[in-house]
Amino acid sequence: MFDALSERLERVAGRLRSRGRMSPADIDEALAEIRTALLEADVELGVARHFVEAVRARCSGAALSKSLSPGQQVVKAVHEQLVEALGGEALRLTYASRPPTVVLLAGLQGAGKTTVAAKLARWWKAQGRNPLLVGADLQRPAAVEQLRVLGASAQVSVFSEPGDPVATAVAGVAEARRLGRDVCIIDTAGRLSIDEALMDEVRRISTRTEPHYTFLVIDAMTGQDAVATARAFHEALALDGVILSKLDSDARGGAALSVKEVVGRPIVFASTGERLADLDLFHPDRMADRILGMGDVLTLIEQAERTMDQEVVARSADKMLSGRFGLDDFLEQLHQVQKMGSLGGILRLMPGMNKELRQAADQIDDSQVSRVEAIVRSMTPAERADPVIIDGSRRVRIARGSGTSAQEVNQLLKQFKEMQKMMRTVGSGAMPAMGGGGRLGRLAAAREMAKSGGAEETLAGMMADNRPPRPAAPTDQSAGAKGRRNAKKKGGRVTPPKGR
Amino acid sequence: MIALWIVLGVLAVLALSTAVATSTRRRRSLGPPAAVATRGSSDIGANAVSEAPEAGPGPEGSGAPALRDRLGRTRGLFAPLRALGARGELAAAIDAAEEALLRADVGVETTTALVASLRQRPDGGADGVLSALSGRLVEIFSENPDRSLRVDREPGVVDVWLFVGVNGVGKTTTIGKLALARRDEGDSVLLAAGDTFRAAAADQLALWADRAGVELVRGAEGSDPSSVVFDAVHRAKARGNHLVLADTAGRLHTKVNLVEELRKIRRVADREPGRVSEVLLVLDATTGQNALAQAREFTEAVGVTGVVLTKLDGTAKGGVVIPIERQLHLPVKLVGVGEGPADLVPFEPAAFVDALVGV
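Chains as they are written, first to last, in the working numbering: chain Y, 1 to 500; chain A, 1 to 359.
One should not assume that every hint holds.
[Stated by the list, open to error] A few chain A residues that don't get close to chain Y, going by computed Cβ distances all over 10 angstroms: (1) 79; (2) 86; (3) 90; (4) 118; (5) 138; (6) 139; (7) 152; (8) 183; (9) 185; (10) 187; (11) 267; (12) 277.
[Stated by the list, open to error] Pairwise CB distance ranges, derived in the manner of DEER restraints: (13) 329(A) - 95(Y): 50 to 58 angstroms; (14) 186(A) - 231(Y): 44 to 52 angstroms; (15) 264(Y) - 154(A): 55 to 63 angstroms; (16) 121(A) - 264(Y): 40 to 48 angstroms; (17) 150(A) - 197(Y): 33 to 41 angstroms; (18) 146(A) - 194(Y): 27 to 35 angstroms; (19) 264(A) - 370(Y): 16 to 24 angstroms; (20) 97(Y) - 340(A): 41 to 49 angstroms; (21) 124(A) - 194(Y): 29 to 37 angstroms.
[What the hints assert, rightly or not] Not close to chain A: a few residues of chain Y, all C-beta gaps over 10 angstroms, as computed: (22) 92; (23) 213; (24) 241.
Since the hints were derived computationally from the structure, they do not count as laboratory data. Every residue gets a Cβ at the ideal spot worked out from N, C-alpha and C, and that includes glycine.
Work out the full structure, taking the sequences as your base and the hints as a guide.
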């Protein structure tokens with residue numbers, strides 16, 4: 001995502017970096033490039049203009065910093081402006097004093113509302129909340145069915161009844177209250193902003209259910225029309241925020257910038273993959289880092305903290321640094337990482353991922369991970385602890401056992417050896433040279449920017465562990481169990497979650 | 001904290017390199033073989049047909065007036081251009097044209113080329129900028145004159161139309177509408193629910209199959225879509241249907257494995273007695289410049305033969321099809337202008353351009 005935008009800006013910045021001084025003509029040229037980049041990234045024309053002018057003001061207004069080259073100064077100005085344009089501070093979700101907290105999702109057809117609804121339910125569940133999904137999309141054939149299936153895999157009950165969407169939504173909220181659910185997510189039908197009847201319907205849903213949060217779900221691939229759509233929905237529903245879907249595409253995602261600018265409400269969540277776990281709080285500052293190619297380390301760390309077993313991590317790190325990291329430990333780590341979401345999605349967040357690596361990350365899927373797992377599992381404990389003993393015949397056996405080829409086994413062993421070598425380097429205090437060229441340079445630039453106040457949260461900040469407080473801490477695990485008991489009493493109208 | 005980061009980083013890079021090195025595999029392992037479900041016997045279909053307008057224009061029917069009427073709502077993008085033109089301000093009018101084109105998602109490259117050509121040859125002066133622009137746009141579309149949908153109705157051969165695209169563009173709905181239209185055209189249609197990934201996608205298509213009174217072949221959720229299409233082709237042959245409309249799961253064109261899966265579906269559909277005669281890329285009119293990337297990648301992977309532009313009844317202009325026609329020479333064949341069964345009409349360049357510039 002945002003690939004091309006960051007690449008372009010990097011190219012512009014690279015050209016400027018290579019020059020000692022910057023003339024007004026240079027600035028003009030840089031700004032023209034930035035404007036083109038923004039337009040190609042689908043930023044709305046007016047928003048792009050505004051953005052460029054703001055960057056110009058920053059460039060010319062600010063006192064010349066001695067520690068930054070002129071090029072770095074433009075990059076810094078673009079970065080600051082991006083952070084501002086993308087939302088400043090993240091929205092802090094609070095909960096209604098009298099539950100349930102009602103969340104209304106609206107948007108165009110195919111924006112991804114139903115999937116986002118299920119992802120949100122899963123997200124709140126992970127936060128220790130106890131959500132209910134309400135299917136008020138009675139328009140699209142089988143939309144409620146889709147929500148039920150997704151709800152089942154998120155282990156969240158789904159309420160819906162045929163007939164009138166407004167009545168269904170109202171009944172859904174009542175049902176959530178009756179069941180003691182603290183979050184009630186209402187999925188609505190996709191509608192065009194100019195469809196007066198349907199806009200009126202969603203307005204009535206809003207009036208009758210009095211949602212605490214109304215979110216517009218918008219496709220990250222949306223073009224110039226994002227502004228018209230966002231404006232119309234905002235006028236009808238007074239949006240509290242925006243959820244950006246399909247951000248795992250290679251769309252440059254300029255819609256995020258446009259919508260934020262027009263609606264003036266933050267982008268709250270970003271949906272970044274096909275799995276239910278692929279939903280994250282949207283962090284404008286991090287996104288700006290991402291746009292500028294600095295990676296999104298904070299999201300990675302946060303995901304890790306949320307899902308990984310700290311003890312296992314600490315043990316592995318210990319082994320790693322002392323050079324006793326075996327394939328068993330590798331497998332354990334792999335499982336930890338997998339808990340965080342799809343591997344490709346995680347890798348995209350790594351700093352210093354250039355275009356080639358990012359494309360490679362796209363090719364990773366979970367079945368490949370399971371192949372790797374199969375190979376390791378086909379080894380004896382002795383082989384796992386010390387892969388050096390694996391000879392030709394052992395290799396053939398392992399390949400046969402895992403249903404792979406000797407080449408694949410070889411490849412894994414080779415990579416593992418490289419990794420061990422890398423770990424030894426880390427253990428001896430040097431930085432690992434990973435993620436391709438330019439990473440160290442970028443990190444250095446990020447640090448420099450942090451020093452000059454450009455990036456509020458950079459790697460340096462991350463390492464000092466000064467993360468912003470999370471909006472909602474995972475609490476109250478017992479609430480989930482209580483809700484599930486309640487779900488059993490419900491009497492036919494709620495789909496009980498399957499597969500518990 | 002640092003230790004955690006190192007573990008993550010090293011591991012991630014390792015996993016990346018191994019996984020990439022391992023031969024590319026499909027995301028979804030082979031599921032249970034697709035089951036053939038017979039749906040939509042003619043009496044069910046008759047029920048639904050009564051609510052579907054009989055006069056749904058077929059894709060090859062005279063749908064031009066319909067498109068023109070449907071695209072009536074304009075955002076007035078080109079209104080400033082007209083005003084400036086009337087006042088004789090040529091340069092300002094051309095600037096306004098540039099702005100309007102950009103706002104219609106035509107994209108920087110094509111807009112720049114169009115505007116340069118207007119500056120070079122301002123046919124008709126300031127007042128004529130609008131009509132000159134319309135002319136240039138229609139010219140772009142006229143480079144790809146063949147917008148027909150191919151169906152051979154050859155005995156012993158089952159024509160397969162494959163529908164591809166990213167998530168949420170309206171593939172399933174398009175197939176549903178097209179099933180009705182083709183049935184009315186006299187085609188003997190069978191639907192293949194090749195979207196085995198999205199929850200309830202097959203159910204959604206089943207409702208359309210009922211409405212059109214055509215048969216649907218579906219597999220279990222998570223089953224191999226190729227096997228569903230394979231079964232559909234053979235089922236069609238056995239039943240004497242000569243056209244299979246095959247749905248596929250929405251997939252981002254950047255996901256190599258999923259694109260690989262699509263290639264396989266195409267290969268399987270092309271095997272006797274099947275013949276892939278159309279691969280239709282469904283594009284959402286609200287999509288911006290990413291549509292070009294979609295068109296390029298899907299064409300490279302499965303040989304797209306035409307574009308279906310959906311959701312053109314909204315405020316979005318769908319101008320991105322202009323660079324798609326111009327650079328990739330992919331013809332837009334159908335246009336979706338609403339949720340009703342009759343709201344799928346043949347693409348008409350002149351009507352589209354008129355609606356775009358608001359003549």
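Verification of the hints:
1. 79: Holds, because the least Cβ-Cβ distance between residue 79(A) and chain Y comes to about 15 angstroms, which exceeds 10 angstroms.
2. 86: Per Cβ check, residue 86(A) is outside 10 angstroms of chain Y; nearest 23 angstroms; holds.
3. 90: Non-interface label stands for residue 90(A): nearest chain Y Cβ at 21 angstroms, farther than 10 angstroms.
4. 118: 18 angstroms, holds
5. 138: 22 angstroms, holds
6. 139: 23 angstroms, holds
7. 152: 31 angstroms, holds
8. 183: 18 angstroms, holds
9. 185: Fine: 23 angstroms to the nearest Cβ keeps residue 185(A) off the interface.
10. 187: 22 angstroms, holds
11. 267: Per Cβ check, residue 267(A) is outside 10 angstroms of chain Y; nearest 20 angstroms; holds.
12. 277: 26 angstroms, holds
13. 329(A) - 95(Y): 50 to 58 angstroms: Cβ of residue 329(A) to Cβ of residue 95(Y): about 54 angstroms, so the range 50 to 58 angstroms holds.
14. 186(A) - 231(Y): 44 to 52 angstroms: 45 angstroms, holds
15. 264(Y) - 154(A): 55 to 63 angstroms: 59 angstroms, holds
16. 121(A) - 264(Y): 40 to 48 angstroms: 43 angstroms, holds
17. 150(A) - 197(Y): 33 to 41 angstroms: Once the Cβ atoms are compared, 38 angstroms apart, the range 33 to 41 angstroms for residue 197(Y) and residue 150(A) holds.
18. 146(A) - 194(Y): 27 to 35 angstroms: Given a distance of about 33 angstroms, which is inside 27 to 35 angstroms, the answer is holds.
19. 264(A) - 370(Y): 16 to 24 angstroms: Taking Cβ atoms as reference, residue 264(A) and residue 370(Y) lie about 20 angstroms apart, which means the hint holds.
20. 97(Y) - 340(A): 41 to 49 angstroms: 45 angstroms, holds
21. 124(A) - 194(Y): 29 to 37 angstroms: 33 angstroms, holds
22. 92: The claim stands: residue 92(Y) keeps its Cβ more than 10 angstroms from every Cβ of chain A (closest is about 24 angstroms).
23. 213: 22 angstroms, holds
24. 241: 20 angstroms, holds
Checked against the numbered hints given earlier, the structure satisfies every one of them.
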